[in-house]
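Assemble the complex: chain A is given as a structure, and chain B must be docked to it using the hints.
Top to bottom, those sequences are chains A and B. Quick note on my numbering: the first sequence kicks off at 1 and runs consecutively. Quick note on my numbering: the second sequence kicks off at 1 and runs consecutively.
You may find that some hints are simply not true.
To be verified - Here are the computed lysine-lysine pairs in the DSSO-like style, where the Cα-Cα straight-line distance is at most 27 Å:
{"hint": "1", "chain 1": "A", "residue 1": "Lys109", "chain 2": "B", "residue 2": "Lys275"}
{"hint": "2", "chain 1": "B", "residue 1": "Lys84", "chain 2": "B", "residue 2": "Lys395"}
{"hint": "3", "chain 1": "B", "residue 1": "Lys3", "chain 2": "B", "residue 2": "Lys313"}
{"hint": "4", "chain 1": "B", "residue 1": "Lys425", "chain 2": "B", "residue 2": "Lys84"}
{"hint": "5", "chain 1": "A", "residue 1": "Lys188", "chain 2": "A", "residue 2": "Lys48"}
{"hint": "6", "chain 1": "B", "residue 1": "Lys478", "chain 2": "A", "residue 2": "Lys188"}
{"hint": "7", "chain 1": "A", "residue 1": "Lys56", "chain 2": "B", "residue 2": "Lys478"}
{"hint": "8", "chain 1": "B", "residue 1": "Lys235", "chain 2": "A", "residue 2": "Lys48"}
{"hint": "9", "chain 1": "B", "residue 1": "Lys3", "chain 2": "A", "residue 2": "Lys56"}
{"hint": "10", "chain 1": "B", "residue 1": "Lys269", "chain 2": "B", "residue 2": "Lys84"}
Calculated from the structure, these hints are not laboratory results. Please read all numbers here as calculations on a predicted model, not as lab measurements.
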Amino acid sequence: MSKGVHKMIRTLRIAILIQCLLLFIPAVASDIPNQDQEKELLELELPKPMFVGTPKNIRTPNLERITGKSRGPFYVPKGTVLLSMEKAVTSSDYEPVIGDLEFVTDGEKSGEDGYYVELGPSVQWVQIDLGESYSLHAILIWHYHSQARVYRDVTIQVSDDPDFIEGVQTIYNNDHDNSAGLGIGRDKEYIETNDGRLINPRGVVARYVRLYSRGNTSNEMNHYVEVEVYGTPAK
Amino acid sequence: MKKSAFSGLFIFVLFLALLFRLTHLDRRPMHHDEANQAVKFGNLLETGQYRYDKFDHHGPSLYYLSLPVARLLSHTTLASLNEKTLRLVPAIFGAGLLILLLLAKGEMRGEAVLFSGLFAAISPAMVYYSRFYIQETLLVFFIVGLLIFCWRYIQRPSYGWALAAGFFAGMMYATKETSIILFGAVGMAVLFSLLFQNKDKDKKIGPAKKLIGHGCVGLIVSVLISWMFYSSFFKNSSGLWDSFRSFGLYFVKAGQPEWHAHPWYYYIKMLFFSKYGSGPVWSEALILGLAVLGCVAVFKKKDKDESQFSFSKFVIAYTLITLFVYSFIPYKTPWNLLPFYIGVILLAGGGAAFILRTAKKPVLRWGMIFVLCLGIVHLSIQSYRASFVFHADPKNPYVYAHTSEDYLNLIQRIEDVSAVHPEGKDVLIKVITNPYDTWPLPWYLRGFSRVGYWQDMRDAGDLENVPFIITSSDKLDKLPPRIVQNYQSEFYGLRPEVLLNIHIHRDLWDKFLKQR
Chain A
1 MSKGVHKMIR TLRIAILIQC LLLFIPAVAS DIPNQDQEKE LLELELPKPM FVGTPKNIRT
61 PNLERITGKS RGPFYVPKGT VLLSMEKAVT SSDYEPVIGD LEFVTDGEKS GEDGYYVELG
121 PSVQWVQIDL GESYSLHAIL IWHYHSQARV YRDVTIQVSD DPDFIEGVQT IYNNDHDNSA
181 GLGIGRDKEY IETNDGRLIN PRGVVARYVR LYSRGNTSNE MNHYVEVEVY GTPAK
Chain B
1 MKKSAFSGLF IFVLFLALLF RLTHLDRRPM HHDEANQAVK FGNLLETGQY RYDKFDHHGP
61 SLYYLSLPVA RLLSHTTLAS LNEKTLRLVP AIFGAGLLIL LLLAKGEMRG EAVLFSGLFA
121 AISPAMVYYS RFYIQETLLV FFIVGLLIFC WRYIQRPSYG WALAAGFFAG MMYATKETSI
181 ILFGAVGMAV LFSLLFQNKD KDKKIGPAKK LIGHGCVGLI VSVLISWMFY SSFFKNSSGL
241 WDSFRSFGLY FVKAGQPEWH AHPWYYYIKM LFFSKYGSGP VWSEALILGL AVLGCVAVFK
301 KKDKDESQFS FSKFVIAYTL ITLFVYSFIP YKTPWNLLPF YIGVILLAGG GAAFILRTAK
361 KPVLRWGMIF VLCLGIVHLS IQSYRASFVF HADPKNPYVY AHTSEDYLNL IQRIEDVSAV
421 HPEGKDVLIK VITNPYDTWP LPWYLRGFSR VGYWQDMRDA GDLENVPFII TSSDKLDKLP
481 PRIVQNYQSE FYGLRPEVLL NIHIHRDLWD KFLKQR
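So here's chain A without its partners, still in its complex pose (with noise of 0.2 Å):
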């Protein structure tokens, strides 16, 4: 045999041998203990939706929705008289859509048509000027309770400054995530009822109070049936 069939003989070998370690090292490689190779893609098998008819059909206003807990007695200072009644409002919607801004400080609740304002889409405000400065212990909201929706972003400022430059003080502020730009607030949105929203504003002393609001869950509309200002003179 000649030296160059040795050779390549030789070659042949190496080259086989070559192959049966490459072929051998996986399975060597998957007997070694793999923190990742122990686990498995867990296959979750996550409940279907049931299918089901038409839902119900709702139109008529809920006047009388309950809510199943009582708010609770609600303690201020004594003398504390109700401030807002019939005060001057203004608002950042120089002409609502629907009924009138005196309606906000009139006095009337009903959540009926023609008892509520309703202001334009995106980020509105209602103020109401109380005359002068008063210590604040109570402010009362009704959005719209007709039905049950959840104002967005609602929060509440005070201030001597009518155009609430200076002075101001945010005492109510559900906007989690900065949509209205007034900055990241930690109270909780709520479902609008007959019961109103009662806002503790602990004694802060300002003339104005200003009411905002970023649509609700129904339609981009702002609303206000009723909102009352309690308190007691500056000391």
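Showing chain B alone in chain A's frame:
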């Protein structure tokens, strides 16, 4: 009317119908029922499988007729589907109805066909439900076909007309198994027409043997078509039988309608006059009034050359029977008015043609044209409002238990926040709601791979580290306190008076706020 004038006006009417039906098909949020149908169709599209459900959702024709549209628009999965594609199917049939009306030209005057087409094109109810992914518009299309071919058969009995009538009857049944009510109405209308036909016409009916042969052909065709669809194209042998078994279930549903119980005058009142809160006035009284005139015209006709029992009388019989039965059934949803309303529209076409024909004096004629034009403009404005302004607003009478527009904000929130989660569209979402509050989430979350649906919080397993939890607002009190603390909760409107809560894990929420 000259042929060219008819053609020109008909093309204009068809253009109007297409304009109202094809524009902004995705503007309105998906209704609960549309989403149910869409997910069922998505399954057929993805797997090629469909099995008739005798408990709900009616016949399979909607799904099978959606297949060519979806495939033509290159959709292969549920996730790839969109509202435009789905709603295109009823929109095509809603506009196709006008083409079908051309077949009635031999049975009605050209002017009457034109006016019927115009009213079908611009009626707010017809437009609104032609943009709704449910079976009703398809059913109306097939009803019109059945009426025309049944009438043609009565006039000139032949195997051809019997076969055509059988085809449309089969398609009606494949669309809604409850169409047996409509078969009863058409059958009675046929009976009336045969009983009251004049002697000359009697000659054309032919021997009973021939009639039985024709009847058998029609019946075989309709059963074959129904069997084809209900058996999922011969894959489900019990499908057709199940559709018969559904009669009992639908009978119970019709008698015990729960929250869908409405008074007998529900449909007529809705069409005649509706006003909700501060919303606009809605009325299709023009069409109703012209339909009454159309009836008067039929019975006042003195033209001896025409059949005493004309096509219009046949339509009157069908419409009155259907209206009576549908008004009598306590279970009512607004889209169920379409099967009798198409009869009203056909008669209104005749009524409009009649007043123009009888007003001989130019002043009177032009006066009538002016009033009709005003009415047509008013109907068009209402259609625009119904489908493009108040499309999901309860102030619209055709909006029924509809998904609020605010719901789209919930979907946008999930899309936005999931985009900052490392798992993206594979993020885990647990939905814990009652079944009526679940929909249309499965449609809107079709692009997410890990969404589970439960009715009870106890069954949903560990909730502490789930990125998204969606609950009905009535389950808010049942949330464990740790969830309340560790999650950012938001309210979203599902339907009037129905709210949903989304709870986003605090870590994910903070990450989202940082990356905004």
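Now the hints, each set against the structure:
For the given pair, lysine 109 of chain A sits about 24 Å from lysine 275 of chain B by alpha-carbon distance, which is consistent with the 27 Å threshold. Distance restraint check for lysine 84 of chain B and lysine 395 of chain B: the Cα-Cα separation of roughly 24 Å lies within the 27 Å cut-off, and the hinted pair is therefore satisfied. The straight-line distance between the Cα atoms of lysine 3 of chain B and lysine 313 of chain B is roughly 26 Å, inside the 27 Å bound, and the hint therefore holds. With a C-alpha separation of about 23 Å, the suggested pair lysine 425 of chain B and lysine 84 of chain B falls inside the 27 Å cut-off, and the hint holds.
With a C-alpha separation of about 32 Å, the suggested pair lysine 188 of chain A and lysine 48 of chain A falls outside the 27 Å cut-off, and the hint is violated. With a C-alpha separation of about 17 Å, the suggested pairing of lysine 478 of chain B with lysine 188 of chain A holds against the 27 Å cut-off. For a cut-off of 27 Å, the pair hint linking lysine 56 of chain A to lysine 478 of chain B stands: about 24 Å separates their Cα positions. Among the hinted pairs, lysine 235 of chain B with lysine 48 of chain A is consistent with the structure: their alpha-carbon atoms are about 24 Å apart, no more than 27 Å.
The suggested pairing of lysine 3 of chain B with lysine 56 of chain A is violated, with an alpha-carbon distance near 50 Å, which exceeds 27 Å. A threshold of 27 Å between alpha carbons decides the hint, and for lysine 269 of chain B with lysine 84 of chain B the separation of about 31 Å lies outside it, so the pair is violated.
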